[in-house]
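Q: The residues making up each chain are set out below.
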Amino acid sequence: MSKLQSQKDYEKLRGQLEKERDPERLLVSLCAGSGCGAYGTQEVREALEQEISKNGLKGKVEVKVTGCHGFCEQGPIMVIHPEGIFYPKVKPKDIPEIVSETIVNQKVIKDKLYKDPVSKKRISKEEDVPFYSRQHRIVLGNNGIIDPSKIDDYIAVDGYSALIKVLFSMSPEEVIAAVKTSGLRGRGGGGFPTGIKWETCRKVHGDTRYVMCNADEGDPGAYMDRSVLEGNPHSVLEGMIIGAYAIGSHHGFIYVRNEYPLAVKNIGIAIHQAEEYGLLGENILGSGFDFAVKISRGGGAFICGESTALMRSLEGKIGRPRAKYIHTVEKGYRDNPSTLNNVETWANVPVIINKGAEWYASLGTEKSKGTKVFSLVGKVRNTGLVEVPMGTPLRTIIYDIGGGIPKKRKFKAVQTGGPSGGCIPEDLLDMPVDYQSLAEVGSMMGSGGMIVMDQDTCMVDLARFFLEFLQEESCGQCIPCREGIKRLLEVLTDICAGNGKDGDIELLEELSGTVSKLSLCALGGTAPNPVMSTIRYFRKEYEAHIYDKKCPAGVCKELFHYEIDEEKCNGCHICFLRCPQEAISGEKKGPHTIDQEKCIKCSICYESCKLDAIAIK
Amino acid sequence: MVTLTLNGKQVQAEEGSTILQVAESNNIRIPTICNHKALEPAGLCRLCTVEVFDGRRTRFVTSCNYPVWEGMEVTTDSEEVIRHRKMIVELLLARCPNNDFVKNLAAEFGVEAPRFKLEDDDCILCGLCVRVCERMGIRAIDFSGRGTEMEVAAPFKVFTDACAACGACESLCPTGHIKLSEITDKEVHRIPSEFNEGLIGRKPIYIPYPQAIPNIPAIDRSMCAHFINDGCKICADLCPTGAINHDQQDEEVEIDVGAIVLATGFKSFDPSRYDTYHYADHPNVVTSMEFERILSASGPWGGHLIRPSDEREPKKIAWLQCVGSRDINPCDNGYCSGVCCMYAIKEAVIAKEHSKDPLDCAIFFMDMRTYGKEFEQYYNRAKEEGVRFVRCRVHSIDPVPESDNLQLRYVTEDGRVEKDEFDLVVLSVGLEHSAGIEELAERLGIELDHYKFARTGSFAPVNTSSPGIYACGALQGPKDVPYSVMEASAAAGAAASRLAGARHSLVQEKVFPEERDISEEPTRIGVFVCNCGINIGGVVRVPEVAEYAKTLPNVVYVQENLFSCSQDAIEQLVGVIKEQDLNRVVVASCSPRTHEPLFQETLRNSGLNKYLFEQANIRDQCSWVHANDPDAATVKAKDLVRMAVSRALLNEPLSMPSAPVTPVALVVGGGVAGMVCCLNLAEQGFKVHIIEEKEHLGGHALKLNKTWKGESIPEFVSKLIDDVTAHENVEVHLSAKVKEVSGFVGNFKTSIASNGGGDVLEVEHGAAILATGAHSIKPDEYLYGKNDRVFRWHELDKAWETDLVKNAGSAVFIQCVGSREPERPHCSKICCTFSVQKAVELKERNPDMDVYILYRDMRTYGEREDLYKKARALGVIFIRYDLENKPVVKETKGGALEVTVIDHVLGRPVTLRPDFITLATAIYTRGIEELAQLFKVPISQDNFFLEAHMKLRPVDFSTDGVFVCGLAHYPKPIDESIAQAQAAAARAATVLSQKYVEVEPIVSVVDQEKCIGCGLCEASCPFAAIRLVKVEGTGYRAENISAVCKGCGICAAGCPEQAIDMQHFRDQQIFAAIQAGGARG
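Chains A and B, in that order, are what the protein sequence lines are. When we follow our numbering, the leftmost residue of the first sequence carries the number 1, and every step to the right adds one. When we follow our numbering, the leftmost residue of the second sequence carries the number 10001, and every step to the right adds one.
Calculated directly from the structure, the hints in this document are not laboratory data. Accuracy of the hints is not assured; some may be wrong.
To be verified - Computed list of lysine to aspartate or glutamate pairs in EDC-like fashion (alpha-carbon distance at most 16 angstroms, straight line): (1) Lys324(A) - Asp335(A); (2) Lys10117(B) - Glu490(A); (3) Lys324(A) - Glu10040(B).
With these hints in hand, go ahead and build the complete structure from the sequences.
A: Given below as structure tokens:
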């Protein structure tokens, strides 16, 4: 690998890579994202490579281990090119058949294809799977086709061409103008217009400016940034170099949590390779522009995702926020002008440059442009990463892409924006997902977490759960956040335990007001959202807990019990057999009853009853 | 500057300031816990949250760190803000329901029972401790843990060296949570206060002592956190005038001088090396210097007499004399420190006064050396007041186990071993050569003696061995305050005579501000009530008096001072007069005799006429005399203040005429003191008249041979006489007497009668020095005058070469003949040294001679102690007697002299048969009353001239322009006489060198409308200062000659028509005061 000295060198390399690439070549793409990895990608890969060499196909078939394809529910995912045959949930035992049938004989194994739960049809190509077909994957798109540890893979799909364009044909002002025109807003949660941020930072007096990538994604259940960093690290790096050029910075940091080892590894490899190619470092491609990037590994504190805390952590101090009355673009890392964007934001930048700001701006709504990656989890069939244009209705995401609620349960609410986001009820499902709309209904975009809840979710308990998380993650510096969240949790815990009392809802509202308005940073400022939004949309549920001492969802153990509806029970005896406490009595084909003294409300009977004869009372 | 709206009002603010700062400067209070002037705002407590409206929306921001910007609208007390603040306080109260600080905060905000579960914490995590630690440059503590687990701790909760135990965290903690002992195992490093002898600590920034000049704090670099850790600098931030500069460096300044005066003082002896005294390891063994601080109102405990170990009031205190003095083992200080006996007595007396309960004071001593003016009387009084004097040198002090007390074991005079237990033991430590003197001496090339005191001679007592370099004070040997002050003047005088030619060449004239015309102003009186440390405040309830003063008519300002005379108080007074537009000032403090001029000058400095000042003496005439009755003293103090205020109301500005000074001095007395004084003034360029009663100059010195140091007196005296006689500026008047004196400072007229009164010469002079000397009594005991082998002390010198003295086999000296006796209680000071000196000389001439000195206390003070030691080494026998058993001198039938004395060790009579006896006869003055009257100067009880202030003005009279020196002031050896003469000359020169003197306008004024021209005033005026003049159309009317008027008031008192008043003491002023005095309400 020799250093590229000029634009010409780069183009020569790219031409070479394109030439090497045979579009008809057999290529097995195996998802090794964190989801698929957990399902066993490594075993599948070993089996596959074994089988390939057993069949003497080595050299004829390329196995590409890629980053996350997004459809994690169906992992490990295998896609066989050039046809793009999509095999979900591949197991090592499936490999011999796949090799002999699909690779050798070019036949689709129908039984192994994805079966659409709605239409019940088998779908052979990845792009036809409804989960994918309804998406617009400009950030995640390349995840499935490149090996993140190979810079050539990235260059082969036009990687770094945006950088070339910027370095050799655009002034920094033009780059900023393009980003402004694109309407790109921060994907980390704040939604601040990226172009304006860059422009402000560029204009601040000072010799040293910093660009930073926030990869401290800490929302429970959210892994968009992780997947991008793991699957396509060069896109982030390219975005940062472009940003640095625009701002006039020569030093960058990637602040990534150490719990993302693969992300740390892959971005490290990417930096190394980019440096070797001369795409990073001094005098990039002979342009005269210098930029170096360092990785800083975070210790996993949620608060370190907050910009000022992150910068303090970078400085080697304890990651605690400070008041942002002076913005970090003016005084950030070591009091120097600093631009911090998250992974997804940076990854959008090369796309904007390559495809044009106007093209980008044509996606999305009036004030929210482009696409957004969501991590769709919870009580939804197709969990995974979903990238859709801004403004896509919630219903489309949850039902059309997500496949709706499993087990015939009823949708109850969707929580967006991470732990301090709000819950959106069913009657708002048709709202478009963009920054404004989410804020209007008492939630937020956040970094793109989306948790779907069904009828079995207790909204009080849910609020309590998030507050528990936030209490642990509050840095503890300021009184409203530290003491306030603690007390919100205290009241919620009381309510869930059946000790709620008259006035608790009002106290929660009053305290939430103080916490949200007086806290030092956004963590405290948004922490009451789960409480406020659940009270807003599910006040009755609170009242049931407090006044009726009932948990309608059957979650708060002190506030419900199971009863067997004798009319519905056919005496199948399954509940009797499964009850770990031997609390259920009854003869086969006869009515069953639950001994409330013995019942521990583990819900096994409730879950196992096919006749809905067990009711929450 | 930016303009913003603050609570609806437009205000201007400095750019970059925070909302909180702007609010404070607009007198709007915003509550905060975590904000501190010294620290960067952190915005953690959020209590200072306010609403900011930017034209579009309202935001809640913390005012402590939110910068102001143009056009912003701030509301600091909206309903919502207050609601949120209350919630914060409620949260804190739930966390710390038992903490007083939080409880008070809750009460302030009207928060009662929190709606949350109560915890029991006492840390509110305001972070002040953490931030101040960082600011100190230390960072030994920080927040540790996250969220609800957060706490303040050292890293990993391990004690490290990082903590400097500076205590900043503890001092800033509002709730009392932070305890240094939980952060470090280091002790707080106390910086011992030098001024308070290390009994308490001081700060790294400190004013060395309350009356220090300049009264400006200094930073102790060796202790300042900034210089140690590169942190802090809080002082610079807080100083409102930006006066602190940490980069300042020491400067070397070079100045050209014509003379150098060394006054480097002494260091007090450190008794740590006496291990048997346990000074170093027992808190209740203190040095006398430490005890001075304990007694002092500005001392560590405000003058409350307590002992260090447990801060309890002691019941029994012992003083051990001669610690570090008169001791060659182990300290090598063979000399007597000269001052310790007196200060020990003073401390004992004051300690008894300070103690509420009866206090047992015992002084353990060897010889009681109270040789100074009126010292013996003080000693006698102390004995009367119950101070115990035990003649014994105590060899060890033993701590009493399981108690903080100390036991002394000692041997009584009759040989019994006694034990006595005390609460506190004071070591009367001696005076040692000043620190660093050896290096200084080497650099200046001056000689030191074997005790490392500056070497000086008896005849030039302030001259060092290097010409032009003078030494005064304890640097040249231990001495007390009056003698040091005197020597200081002497050194100044010696330097002045050397530099006479350069006089006035570097003078900066003092200019007072222009006097304010108050004639149209309403009367505005300021009253300043002084505590005088505890001199007044310890008895009179000063705050009550001050409160009372506020109720008096026309009083617009009242202030209480610790010391009204301290420099800072004086400077402040100038400011207050201006700020409050005062036009009368009353200071209720001490005596106008000592302090009126100071306060009057202060008035002048603030543009007021000095006669608008009035002083109420609530110390000498109140707290001192009513020490045992605080209630009555307080009432009386109020009376005195009320009287002064009433009088002040009528005070009027008086103009002060000035009169030219006659640069001529008159010296009365032609002895050594008079001649030295005369010569010094003449050398300074002033004309001097010297008057001697006898027909020759020289005085008693003519009778003496040698000084105690062995210098020849006749040689010195004859040269002195020659010099005086020959000096062109000197006019010698022999066989002359002062006949009449008139005039005033700068303008005296004296008639000198010489040749038995035949010739009368009137001389004009600006100053007079009384140096009339003293005499030795002629006793009518010990066979004096009856047996010619009984000499007075100076007669021995005369008989020195006679066969009787030369061939004598035995000699007896009897000390204290006529001194220290009820009819003449003073100590004659010189006799002990003289007798010992002569005994040594006798022994040196004839070692086989038996020489006895019968004494009461051997008073060879200072380095004279060497002589005493030498005498003993030579075999001189010292036998102590006491007043009850005086020696008996008889003549045997064979004509031999026989002396019987009770030996104090044996307790039995001892009989001696000397060939001659020398009597140390007392020194007294004769006929000074006449002179005193002429010059209007006072005489003390023991019939010596009484100076203006025994300690601080030892050669001045209270009558301006008249000075005293020599034995007429008090008995003293020749070196001290010379020093005093030089001092008097120096003091006189301060008058003579002025071109003008201001004349006190306290003179009589005649209301010619009332005057009937009876002439009674003219007839009764002793100064011819009032006369009748013819007024056209009305006949004769009286007229005052103010330059001559002494303000005695005889004319005013005698005027039948009450047409004469004394300015500043007008009848109506006095009546007003009297009426006010009787009008106790």
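Q: Each hint should be assessed against the structure and marked as holding or not.
A: Right, here's what the structure says about each hint:
For the proposed pair Lys324(A) and Asp335(A), the alpha carbon gap of about 12 angstroms is at most 16 angstroms, so the pair holds. At most 16 angstroms may separate the alpha-carbon atoms for a hinted pair to count; Lys10117(B) and Glu490(A) meet this at roughly 8 angstroms. For the hint linking Lys324(A) to Glu10040(B), the alpha-carbon distance of about 15 angstroms falls within 16 angstroms, and the restraint holds.
The earlier numbered hints are all upheld by this structure, with none contradicted.
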